[in-house]
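Enquirer: Each chain is listed here by its residues.
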Amino acid sequence: MEIKDLLDKYGIIGIISTYKSSFNQTGLVKDLNINNISKALKIVGLESDILNMNIEDLTIKEKWKLELATKLNNKIIIIGNMSKCLNYKDKEYIKKLLIKLHDNFNKKIVIIDNNIKSFFDIVKRIVVLKNKKVIYESSDFYDDNLYKYTEMPEIIDFIKYVNRDKKILKETTDIYELIKDIFRSNHK
Amino acid sequence: METDVTIVSINLNNKILEKYSDYFLVERNFKIEDLLSKDKIIFYNALNGLSLQKIKDILARLKEKNIKYINLTNDMEEVLATNYLIIYDKNKILIEGKTLEVLKEEKVLKRIGLELPFIVELSHLLKDYGLIDELYLDKESLVDELWK
Numbered sequence: 005m006e007i008k009d010l011l012d013k014y015g016i017i018g019i020i021s022t023y024k025s026s027f028n029q030t031g032l033v034k035d036l037n038i039n040n041i042s043k044a045l046k047i048v049g050l051e052s053d054i055l056n057m058n059i060e061d062l063t064i065k066e067k068w069k070l071e072l073a074t075k076l077n078n079k080i081i082i083i084g085n086m087s088k089c090l091n092y093k094d095k096e097y098i099k100k101l102l103i104k105l106h107d108n109f110n111k112k113i114v115i116i117d118n119n120i121k122s123f124f125d126i127v128k129r130i131v132v133l134k135n136k137k138v139i140y141e142s143s144d145f146y147d148d149n150l151y152k153y154t155e156m157p158e159i160i161d162f163i164k165y166v167n168r169d170k171k172i173l174k175e176t177t178d179i180y181e182l183i184k185d186i187f188r189s190n191h192k
Numbered sequence: 076m077e078t079d080v081t082i083v084s085i086n087l088n089n090k091i092l093e094k095y096s097d098y099f100l101v102e103r104n105f106k107i108e109d110l111l112s113k114d115k116i117i118f119y120n121a122l123n124g125l126s127l128q129k130i131k132d133i134l135a136r137l138k139e140k141n142i143k144y145i146n147l148t149n150d151m152e153e154v155l156a157t158n159y160l161i162i163y164d165k166n167k168i169l170i171e172g173k174t175l176e177v178l179k180e181e182k183v184l185k186r187i188g189l190e191l192p193f194i195v196e197l198s199h200l201l202k203d204y205g206l207i208d209e210l211y212l213d214k215e216s217l218v219d220e221l222w223k
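Quick mapping for you: the protein sequence lines, in order, are chains F and X. Quick note on the working numbering: the first sequence kicks off at 5 and runs consecutively. Quick note on the working numbering: the second sequence kicks off at 76 and runs consecutively.
Treat the hints with care, since some could be wrong.
[What the hints assert, rightly or not] Derived DEER-like restraints, expressed as beta-carbon distance ranges:
1. X:Ser216 with F:Lys46: 39 to 47 Å
2. F:Asn37 with X:Lys167: 32 to 40 Å
3. X:Lys179 with F:Phe27: 36 to 44 Å
4. F:Lys137 with X:Glu209: 31 to 39 Å
5. X:Asp132 with F:Asn149: 21 to 29 Å
6. X:Asp97 with F:Lys13: 37 to 45 Å
7. F:Arg188 with X:Leu212: 22 to 30 Å
8. F:Ser143 with X:Asn166: 22 to 30 Å
9. F:Leu55 with X:Asp132: 40 to 48 Å
10. X:Asp132 with F:Ser143: 28 to 36 Å
11. X:Glu220 with F:Lys184: 16 to 24 Å
12. F:Lys134 with X:Leu111: 28 to 36 Å
Think of the hints as simulated: they come from the structure by calculation, not from any bench. Every residue, glycine too, gets a C-beta built ideally from N, C-alpha and C.
Let the sequences and hints guide you as you build the complete structure.
Expert: Here is the structure:
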């Protein structure tokens with residue numbers, strides 16, 4: 005299936021691939037061509053005091069968020085390198101924002117990263133891209149074939165490791181569900 | 076300076092690299108053979124996306140050759156590959172020490188926006204539920220403790 009068709013069907017997809025940002029703007033932040041720039045900055049989690057700063061002086065995280073701010077009006081929002089540029093707190097904030105943009109504003113979201121861990125818990129479909137062609141796709145995060153192309157998230161690795169001998173844990177991507185399951189298995 | 080270090084930076088900028096300008100800078104898609112002749116290496120998000128075991132294997136090869144290394148990353152899973160951990164915010168050290176000791180500071184790390192490595196987070200939660208008594212840094216020991 006083509007990426008466009010996958011987006012129409014699933015709304016939020018994750019692509020395992022290298023992402024090269026085309027955001028290479030220079031000059032002051034306030035001079036960027038962004039509609040209602042203060043509001044856009046706030047939405048992506050940036051303070052408006054960066055408006056008078058040079059883009060070159062921003063941290064990697066701030067530049068990443070600024071790039072997202074320039075894309076908020078697009079119908080399809082393509083972002084990449086979340087794992088490289090953001091810390092945990094930022095990633096969690098951005099993931100909630102992307103879900104909101106999809107659910108409330110009908111935006112289609114594409115997240116590109118070599119590292120599945122940064123997005124596996126919010127996407128509906130994972131696509132592996134090589135030389136611009138889809139070579140594998142899945143919606144099952146416990147699908148072993150997926151991990152020929154990317155490292156397995158630790159929670160999945162842990163559950164698979166336990167179940168290899170004991171088959172006592174349910175397949176989940178939620179650490180609190182896992183805790184409940186471990187608690188149950190220890191109190192039988 | 077310790078020889079086996081991970082640095083996690085909350086607000087990564089290039090100034091932090093200037094502090095370690097005498098280290099050989101390694102970015103993604105490197106060949107380990109190209110590093111074995113260096114004295115000091117700094118990985119700059121270069122190990123991101125590799126499994127912990129692969130990272131440990133790479134660092135073990137450097138250790139064999141007595142090469143000092145720093146892994147500058149924002150992936151907290153990678154901190155389990157080294158014995159010493161430094162947390163920076165911009166150019167300031169917020170917390171540093173033996174990796175296990177730093178990871179015990181769960182509240183401090185979370186307050187500054189960092190996650191814990193999965194197995195450490197799981198250990199903390201299981202400890203809160205009274206299922207285990209200490210923190211574990213690898214799944215094998217934790218599983219042995221839970222279902223011994």
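Enquirer: If a hint holds in the structure, say so; if it does not, say that too.
Expert: Cross-check of the supplied hints:
{"no.": "1", "hint": "X:Ser216 with F:Lys46: 39 to 47 Å", "in the structure": "holds (45 Å)"}
{"no.": "2", "hint": "F:Asn37 with X:Lys167: 32 to 40 Å", "in the structure": "holds (35 Å)"}
{"no.": "3", "hint": "X:Lys179 with F:Phe27: 36 to 44 Å", "in the structure": "holds (39 Å)"}
{"no.": "4", "hint": "F:Lys137 with X:Glu209: 31 to 39 Å", "in the structure": "violated (48 Å)"}
{"no.": "5", "hint": "X:Asp132 with F:Asn149: 21 to 29 Å", "in the structure": "holds (24 Å)"}
{"no.": "6", "hint": "X:Asp97 with F:Lys13: 37 to 45 Å", "in the structure": "violated (52 Å)"}
{"no.": "7", "hint": "F:Arg188 with X:Leu212: 22 to 30 Å", "in the structure": "holds (25 Å)"}
{"no.": "8", "hint": "F:Ser143 with X:Asn166: 22 to 30 Å", "in the structure": "violated (43 Å)"}
{"no.": "9", "hint": "F:Leu55 with X:Asp132: 40 to 48 Å", "in the structure": "holds (46 Å)"}
{"no.": "10", "hint": "X:Asp132 with F:Ser143: 28 to 36 Å", "in the structure": "holds (32 Å)"}
{"no.": "11", "hint": "X:Glu220 with F:Lys184: 16 to 24 Å", "in the structure": "holds (18 Å)"}
{"no.": "12", "hint": "F:Lys134 with X:Leu111: 28 to 36 Å", "in the structure": "holds (30 Å)"}
This entry does not satisfy hints 4, 6, 8, going by the numbered hints stated previously.
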